[in-house]
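One line per chain: the protein sequences are G and P, in this order. Mapping the first sequence onto the working numbering, position 192 (from 1) lands on 204, and the numbers just tick up by one. Mapping the second sequence onto the working numbering, position 137 (from 1) lands on 139, and the numbers just tick up by one.
Hints are computed from structural coordinates only; laboratory data are not their basis. It is possible that some hints are incorrect.
What the hints assert, rightly or not - List time: in silico DMTMM-like cross-link candidates among lysine to aspartate or glutamate, alpha-carbon distance up to 25 Å: (1) P/Lys85 <-> G/Asp341; (2) G/Lys218 <-> P/Glu145; (3) P/Lys161 <-> G/Glu43; (4) P/Lys161 <-> G/Asp374; (5) P/Lys135 <-> G/Glu272; (6) G/Lys333 <-> P/Glu158; (7) P/Lys17 <-> G/Glu345; (8) G/Lys141 <-> P/Glu139; (9) P/Lys223 <-> G/Asp110; (10) P/Lys269 <-> G/Glu114; (11) G/Lys106 <-> P/Glu145; (12) G/Lys218 <-> P/Asp89; (13) G/Lys333 <-> P/Glu49; (14) G/Lys141 <-> P/Asp149; (15) G/Lys590 <-> G/Glu78; (16) G/Lys463 <-> P/Glu49; (17) P/Lys123 <-> G/Glu114; (18) G/Lys218 <-> P/Glu36; (19) G/Lys463 <-> P/Glu36; (20) G/Lys218 <-> P/Glu34; (21) G/Lys279 <-> G/Asp328; (22) G/Lys484 <-> G/Glu452; (23) P/Lys85 <-> G/Glu114; (24) G/Lys333 <-> P/Asp149; (25) P/Lys85 <-> G/Asp350; (26) G/Lys333 <-> P/Asp154; (27) P/Lys123 <-> G/Asp166; (28) P/Lys85 <-> P/Glu75; (29) P/Lys85 <-> G/Glu345; (30) G/Lys353 <-> G/Asp328; (31) G/Lys141 <-> P/Asp152; (32) G/Lys141 <-> P/Glu145; (33) P/Lys161 <-> G/Asp350; (34) P/Lys143 <-> G/Asp110; (35) P/Lys123 <-> G/Glu43; (36) P/Lys135 <-> G/Glu114; (37) P/Lys223 <-> G/Asp341; (38) G/Lys106 <-> G/Glu587; (39) G/Lys106 <-> G/Asp374; (40) P/Lys161 <-> G/Glu345.
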Amino acid sequence: MSDGGIEHHDYDVLVLGSGGSGLRAAIAAAEAGARTGLVCKSLLGKAHTVMAEGGLAASLGNVAPEDNWATHFQDTMFGGKYLNNWRMAELHAKEAPDRARELEHWGAVFDRTPQRTMSQRAFGGHTYKRLVHIGDRTGLEMIRTLHDKTVHSDVEVFMETTITRLIKDGERVVGCFGYRRQTGELIAFAAKALVLATGGSGRIYKITSNSQDCTGDGYALAFEAGAQLVDMEFVQFHPTGMVYPPGVAGLLVTEAVRGEGGILRNKDGERFMERYDPKRMELSTRDVVARSIYTEVKEGRGTPHGGAYLDVSHLDPDYVKRKLPSMYDQFLELAGVDITKEPMQVGPTCHYFMGGVKVDPDTGATRVPGLFATGEASGGMNGANRLGGNSLGDILVFGRRAGEGAAATANASGAVSLPAEAVADARAEIEGFLHGSGTENPFHMHRELQKIMGDGVGIFRDEEGLTEAIGKLEELDARVANLRAPSDRLDYNPGLQLCREVRNMLTVSHMIARAALLREESRGAHSRLDHTGYSDYWGEHNIIVEGTGAHDMSLTPTPVVKRDELEELVEARKEAEKAS
Amino acid sequence: MSETIDLAHAPGPRKLQIWRGDLTSGELVEYELETEPGMVVLDAVLEIQRSQAPDLAVRWNCKAAKCGSCSAEVNGRPRLMCKTRLDHLPADQPITVEPMRAFPLIRDLVTDVSWNYRVNKQITPFTPRENLKPGVEVNAKGEFLIDQTDTDRMSEFRKCIECFMCQDVCHVLRDHRLHDRYYGPRFMMRMASLDMHPLDGVDRLDQIADEGGIGLCNITKCCTEVCPEGIHITDNAIIPMKERVVDQRHDPVLKLLHRTPNKGRIKPPPRSETPRL
Ligand SMILES: Cc1cc2nc3c(=O)[nH]c(=O)nc-3n(C[C@H](O)[C@H](O)[C@H](O)COP(=O)(O)OP(=O)(O)OC[C@H]3O[C@@H](n4cnc5c(N)ncnc54)[C@H](O)[C@@H]3O)c2cc1C
Ligand code: SF4
Ligand code: SF4
Ligand code: FES
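Next up, chain P with everything else stripped away, as it sits in the complex:
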């Protein structure tokens, strides 16, 4: 039976530089600790919290890469701390751990991600189409009839654990701070997954284009690169939606008809405003 841990990366002492501070000031503080085989960054941070820095603020819950709480920038790249093994990071230099930058800091590694929740609340929830066809779309017991292929397509997007790391790296939010004009990749993809549901009865195109601000995405794919769930956010969600917006908004015939709602879907009233950070 093969050993599960690469012995080239034997445990030993490691240095971590953790960002400590709040909105007013802060700095990287260096800690050293003994490591165990297979230790992840979150283990190290919690051990430092337990034994060296009891007021170190860090958000986590599942420690199983399933809840999306423990996002941080490790060696400058957004990662789930509970899914990042120390022995996969270069051994010859300290590991830096910093909070996400696209959101306001609370303290140390914890940021205020509430903006994302406000955006989510703006998105019209799944609403089944009226007059579902009996025997074709819904059975006698009221259960939906859906193809596995549709399920698989939606499933890619529904794997999202809301770690908000794609939001963190998207330059529209991170650098240009256009939080009040763009929902960000996570929520573009959320709308794509709702839109893809074969029985959804909402025409989401205007929200995607207007309040959602899909036009601001310029397809850099940074979001896709950091997604811990490996979701092809740009290729599979954003680009197809961009194309549809272009087709439907600029097609002269459709324009003339004042763009009929898609697939007999109902258009929701426009949203108040894109939430501010």
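Bound conformation, chain G alone:
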């Protein structure tokens, strides 16, 4: 490879990621007249978004006519424990209905009401039935629709291409570097504006619902390029993942199961949510349900495989098969359980990253010129805890905005070029993974990392565990420079792929552990056993992570970004909560 050439491409806007946010951004950028490219690690249509099940939250008011954007905004803020970026929560609530209708016009097909409009289902934390859905495969419908729209939108797509570096010219991001997975050929992109739509980082935990792609690449790349990240301590553990058999542990059991009437019980048959949130019961927010299940298990009331029972066997079997077909299949195939007859066993699984790259809500711009972020890769919209259904809305609303923002920057910019030195540097990193003198095996280090995070930075945290985890992460820091792929072949080399991913995951793990240590309170998805209550100070502050490299990471509490005109809505919701 060392004397081979580097394939080169030039775009106005380059989008990294083909999940919902990346596709929507690419469509928007192309529509705005930018020459647009899209790069993704997997094949088109296979991105993590394809797994989304339950639905997309949008206050269409088709089932509950009382619904409106203001209530959706309030629900989102309440779910996020008021740490959300207010403007993002506002834009999301206001624009999600338009994005849902737009998908329909692009060919998406959703379940209907008797009035033949889009049907909406109940989900935790949403006041009204609000989730647009099709059975339990809403993500697939979205992906296929956006995928089709993209390939007919003059967007050039680079599948199975992994980006390992962002490239800067002075202060500005001007492109990126990586390789084609199928051949190992090196590839460089110059771009006037670059959108990170790289998703989350669930693979830092062993038990996760996330796909293989979710290794936090965007968080690490943005950090290295000088961007700020926000809310990284908030990792959502979805309350219901499969717990058995071991091979599928972590696989998601959609919240739609509870939305459609599923009941949680402990091994004694007790409907334990009565003790934790008698008002919302199974449809309480995810942080509460996850902690409740965890506590039941910890206190000895768990199921044989260490979870809780989730039961839909009291519902009409045909209804279950129609509304939850993939859950029915998943349990029958993988666990040998017929959910229309027997309860499922479920427990918490790492699911979603509330935190991410800090962006301007209206345009998706980061503080680094030329760099934009959107979707799960960006942070702020969901505060301390995301409501189910708010991600599929988020990725459309802010995907579009980031695509337009990037196109506007690109259209106003002259040509850019990649500094040779930065390209040589990026190339050297990849060659080091293949031919260097390192001896660290990425597969093994990945396991170690997952263990550290699972043990010390899981659903419940305390100072001792976090400090210990950070110490262990620092030990990995010393070893990460010695990563080398066990094989030096170029074509479809899984070890090469994992080398850079492990590095990214390590950077992300540091952010999470350190922010979790700093936030001395329990709020939303962040639960400290040694600081169980809310703190007034932390209720007003987000943690911003930035630095110049892995060894120089600084964390700064920063006041929550509010908006005067929304104050009344937020206060009204806080009052209403106090009253009940």
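Given chain G's structure and the hints, the job is docking chain P with the ligands onto it.
Frame of chain G; chain P with the ligands shown alone:
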């Protein structure tokens, strides 16, 4: 509470024969590993990759039977590796895992499926009919008005996760290599699902018959048998479309009228060519 795993299939050591090689040469290589209860073929392949064969090439992403990446031929039959449990395969013989055959090999279990993407790009996307009737087909907010029954009908086809296993077994592609004349079952069905949309404004019949090559399908139903989503590709998508093509192309009256486009739909310009493999 009943145990979820059949104890007759207790975990233990298992042998896997995995196809290793590239376009130039290759062979089945045997690996042995300890299994866990409920393990799927993909778990086993990844464990072998982690501990015994670090350069083993395999494509996967969701490990939840939702993305359609991990298609391979397991014991000679196309399956999603992440949905196939080891203990559902005969215990007394090694499990063979081979790449799909209808597509060019990249390496080991990974094939080049890009042809499918080129075909997909040829298909005219959903385009709403002009002059949708207010209050009947579209409401004041611009939302479509569609029956749940229409949704259910389309939904069967829209469950497709593009694993391309139906393409892999279709003899028109697999044996006769007519990739440049037939879009294959996946894309026949894709066109059926678009055609079925009550508000679609495109007359797709010519593309289905000509560039798509529906006539090459001789209803063997192999595609339907392997579909992990249980889609009745042949019965519900291909056969009805074949019938329509026959009706509309060969009906003497319609022929005389030069076949008016269906349901006031617009005919797209003919496609350049069916993509080559
Ligand atoms: C099982 C499951 C069910 C869910 N259900 C729901 C639901 O019902 N409602 C809801 O709102 N949310 C749901 N979610 C959450 C939601 O699906 C995700 O948060 C959302 O899809 C994220 O989309 P995204 O576009 O930001 O990123 P992703 O879909 O994760 O896409 C990331 C993309 O970036 C690419 N990429 C990453 N790194 C690189 C790199 N280095 N180089 C090149 N490309 C790269 C990847 O290949 C991929 O294409 C669910 C999640 C799961 C796992
Ligand atoms: S039924 Fe038709 S499309 Fe399906 S495998 Fe047979 S020939 Fe191919
Ligand atoms: S129709 Fe079935 S077999 Fe064919 S690609 Fe789709 S899911 Fe796979
Ligand atoms: S890995 Fe996604 S279908 Fe098997």
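Proposed proximity, P/Asp149 with G/Lys141 (alpha carbon, max 25 Å): Given pair G/Lys141, P/Asp149 holds - Cα atoms ~20 Å apart, limit 25 Å.
Proposed proximity, P/Glu49 with G/Lys333 (alpha carbon, max 25 Å): 33 Å, violated
Restraint check for G/Lys218 with P/Glu145, where alpha carbons must lie at most 25 Å apart: Violated. G/Lys218 to P/Glu145 sits at ~42 Å, over the 25 Å cutoff.
Satisfaction of hint between G/Asp374 and G/Lys106, Cα-Cα up to 25 Å: Roughly 13 Å separates the two Cα atoms, so the pair holds.
Satisfaction of hint between G/Glu43 and P/Lys161, Cα-Cα up to 25 Å: Outside the cut-off at roughly 29 Å; violated.
Hint consistency between P/Lys161 and G/Glu345 [alpha-carbon to alpha-carbon, up to 25 Å]: Holds, because 17 Å separates the two Cα atoms, which is no more than 25 Å.
Given hint G/Glu272 paired with P/Lys135 - CA-CA distance at most 25 Å: 33 Å, violated
Pair hint outcome, P/Lys269 versus G/Glu114 [Cα-Cα no greater than 25 Å]: At roughly 24 Å apart (the allowed maximum being 25 Å), G/Glu114 and P/Lys269 satisfy the hint.
Pair hint G/Lys106 and G/Glu587, alpha-carbon separation not exceeding 25 Å: 23 Å, holds
Restraint check for G/Lys463 with P/Glu36, where alpha carbons must lie at most 25 Å apart: Given pair G/Lys463, P/Glu36 holds - Cα atoms ~21 Å apart, limit 25 Å.
Holds or violated: G/Lys353 to G/Asp328, with C-alpha atoms at most 25 Å apart: Holds. G/Lys353 to G/Asp328 sits at ~10 Å (cutoff 25 Å).
Straight-line alpha-carbon gap G/Lys141 to P/Glu145, limit 25 Å: 18 Å, holds
The structure does not agree with the numbered hints 2, 3, 4, 5, 9, 13, 23 stated previously, though it agrees with the rest.
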